[in-house]
Amino acid sequence: MPKPFPNIVHAEGEEPLFKPGDQVKISARYPMGHYRVPNYIRGKRGRVESVIEPRAVNNEDEGFGRNAGLKRYYYRIIFPLTELWPGYAGPKTDELRIEVFETWLEGS
Amino acid sequence: MSSDAHAHAPIPDAGDAMPSYYEIMETAVRELLVEKNAIGAGEIRQMLEVMDTRTPALGSQIVARAWVDPAFRARLLANGRATLEELGIDFFENTQLTVLENTDKVHNIVVCTLCSCYPREILGLPPDWYKLKPYRARTVKEPRAVLAEFGTLIPDDVEIRVSDSTSMVRFLVLPQRPQNTENWSEEQLASLVTRDAMIGVVRAAIPEKTEKSR
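For the protein sequence lines, the chains are A and B, in the order given. Counting from 1, one number per residue, gives the positions in the first sequence under the numbering used here. Counting from 1, one number per residue, gives the positions in the second sequence under the numbering used here.
Hint data in this document are derived by calculation from the structure and do not stem from the laboratory. Glycine included, each C-beta is placed from N, C-alpha and C at the ideal position. Among the clues, some could well be false.
Have a look at the derived ranges for each label pair, beta carbon to beta carbon [stated by the list, open to error]:
| hint | chain 1 | residue 1 | chain 2 | residue 2 | range |
| --- | --- | --- | --- | --- | --- |
| 1 | A | MET32 | B | PRO19 | 23 to 33 Å |
| 2 | B | THR27 | A | GLY87 | 17 to 27 Å |
| 3 | A | LEU17 | B | SER191 | 38 to 48 Å |
| 4 | B | ALA82 | A | LYS19 | 16 to 26 Å |
| 5 | A | GLY69 | B | GLY151 | 46 to 56 Å |
| 6 | A | PRO4 | B | PHE72 | 46 to 56 Å |
In the DSS-like style, the derived pairs of lysine-lysine whose C-alpha atoms are separated by at most 27 Å in a straight line are [said to hold, decoys possible]:
| hint | chain 1 | residue 1 | chain 2 | residue 2 |
| --- | --- | --- | --- | --- |
| 7 | B | LYS105 | A | LYS19 |
| 8 | B | LYS141 | B | LYS131 |
| 9 | A | LYS44 | B | LYS133 |
| 10 | A | LYS92 | A | LYS25 |
| 11 | A | LYS25 | A | LYS44 |
| 12 | B | LYS209 | A | LYS25 |
| 13 | A | LYS3 | A | LYS25 |
| 14 | A | LYS44 | B | LYS131 |
| 15 | A | LYS44 | B | LYS141 |
| 16 | A | LYS92 | A | LYS44 |
| 17 | A | LYS92 | B | LYS133 |
| 18 | A | LYS3 | A | LYS71 |
| 19 | B | LYS105 | A | LYS92 |
| 20 | A | LYS92 | A | LYS19 |
| 21 | A | LYS44 | A | LYS3 |
| 22 | B | LYS105 | A | LYS44 |
| 23 | B | LYS141 | B | LYS105 |
| 24 | A | LYS19 | A | LYS71 |
| 25 | A | LYS25 | A | LYS71 |
| 26 | A | LYS44 | A | LYS19 |
| 27 | B | LYS141 | A | LYS92 |
Non-contacting residues of chain A with respect to chain B, defined by C-beta distances greater than 10 Å in every case (computed) [claimed, not checked]:
| hint | residue |
| --- | --- |
| 28 | PRO4 |
| 29 | LYS19 |
| 30 | PRO38 |
| 31 | TYR40 |
| 32 | ARG45 |
| 33 | ASN67 |
| 34 | THR93 |
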């Protein structure tokens, strides 16, 4: 692969804010309406498996006619099932993975 | 569904309930879109026709090819959509395809808790149970119990990996190739891959009554 030019400043949303392995927390907010973030992961801690290409518009704004064209990344996030469900009876290694839009992720 | 562009009382079929709030909304929006020339009624019909041509048989062929062709398997796992597009399978939704590989240490199962996201391009329409709340709610919470109800017992030293399919990516489970199939042809192998195995609720297996010497 050719060597990229150094010192390029990227516009907002062009570069992913998180990378594989990062610990993240899902935002615990509950706006009215249908969101692509199931309640059971809100407020839970997980880690980034991968950044999903390509970038996508924010469907939650798009759904209300508010999208201005800004794109951001979805991430596939890993949660141990024991983190999601206190009292989970199965092995500690059991996991759930799910795509979450960047605006719902907080560093932890 | 009513495809004519005017309002009338539903045509009763035996056992039909009244249309729900959302069914009425879907009909109203669809008829408006047609009336405003945003889409043609023919386009909806044609899309339904395309959907009807996509069945789990296509997914089975993909899995069988991945079992016999390591280079194809590697490319499929790296980028499902691009690899299948090279083979002429077009994707009519703006979604990616991730292929999840089952191994001796990991068993994948796919669910969509929010609705019914499903890799329709390669499996066709999802089964009813996939769209119903018990499967959607329980699979993320007690996947081993759900699997057991499908007759699938996963040992504790095998990780269960639930993929909740919510937005940009659709998932296909690549089951493990059954043992004692070394001499099977790609076509014979495809016959072992069921829809349920590609959702991850069962394994691919040789049916018990199949003779070994096929």
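Here is what the structure says about each hint:
1. MET32(A) x PRO19(B): 23 to 33 Å: Given range 23 to 33 Å: holds, Cβ gap about 25 Å.
2. THR27(B) x GLY87(A): 17 to 27 Å: With a Cβ separation near 44 Å, THR27(B) and GLY87(A) fall outside 17 to 27 Å, so the hint is violated.
3. LEU17(A) x SER191(B): 38 to 48 Å: With a Cβ separation near 46 Å, LEU17(A) and SER191(B) satisfy 38 to 48 Å, so the hint holds.
4. ALA82(B) x LYS19(A): 16 to 26 Å: holds (23 Å)
5. GLY69(A) x GLY151(B): 46 to 56 Å: Holds, at about 49 Å.
6. PRO4(A) x PHE72(B): 46 to 56 Å: Once the Cβ atoms are compared, 31 Å apart, the range 46 to 56 Å for PHE72(B) and PRO4(A) is violated.
7. LYS105(B) x LYS19(A): holds (25 Å)
8. LYS141(B) x LYS131(B): OK: LYS141(B) and LYS131(B) at ~16 Å, within 27 Å.
9. LYS44(A) x LYS133(B): Roughly 22 Å between the alpha carbons, so the hint for LYS44(A) and LYS133(B) holds.
10. LYS92(A) x LYS25(A): Distance of about 19 Å is within 27 Å: holds.
11. LYS25(A) x LYS44(A): Holds, at roughly 6 Å.
12. LYS209(B) x LYS25(A): Measuring from Cα to Cα gives roughly 50 Å; hence the hint is violated.
13. LYS3(A) x LYS25(A): Cα-Cα ~34 Å, so violated.
14. LYS44(A) x LYS131(B): Satisfied, since the Cα-Cα distance of roughly 25 Å is no more than 27 Å.
15. LYS44(A) x LYS141(B): Between LYS44(A) and LYS141(B) the Cα gap is close to 14 Å, so the pair holds against 27 Å.
16. LYS92(A) x LYS44(A): Judged against 27 Å, a Cα distance of about 16 Å means the pair holds.
17. LYS92(A) x LYS133(B): OK: LYS92(A) and LYS133(B) at ~26 Å, within 27 Å.
18. LYS3(A) x LYS71(A): holds (25 Å)
19. LYS105(B) x LYS92(A): holds (14 Å)
20. LYS92(A) x LYS19(A): holds (24 Å)
21. LYS44(A) x LYS3(A): violated (38 Å)
22. LYS105(B) x LYS44(A): holds (25 Å)
23. LYS141(B) x LYS105(B): holds (20 Å)
24. LYS19(A) x LYS71(A): holds (17 Å)
25. LYS25(A) x LYS71(A): Holds. LYS25(A) to LYS71(A) sits at ~21 Å (cutoff 27 Å).
26. LYS44(A) x LYS19(A): holds (18 Å)
27. LYS141(B) x LYS92(A): holds (13 Å)
28. PRO4: holds (21 Å)
29. LYS19: holds (18 Å)
30. PRO38: violated (5 Å)
31. TYR40: violated (7 Å)
32. ARG45: Holds, since 16 Å exceeds 10 Å.
33. ASN67: holds (14 Å)
34. THR93: violated (4 Å)
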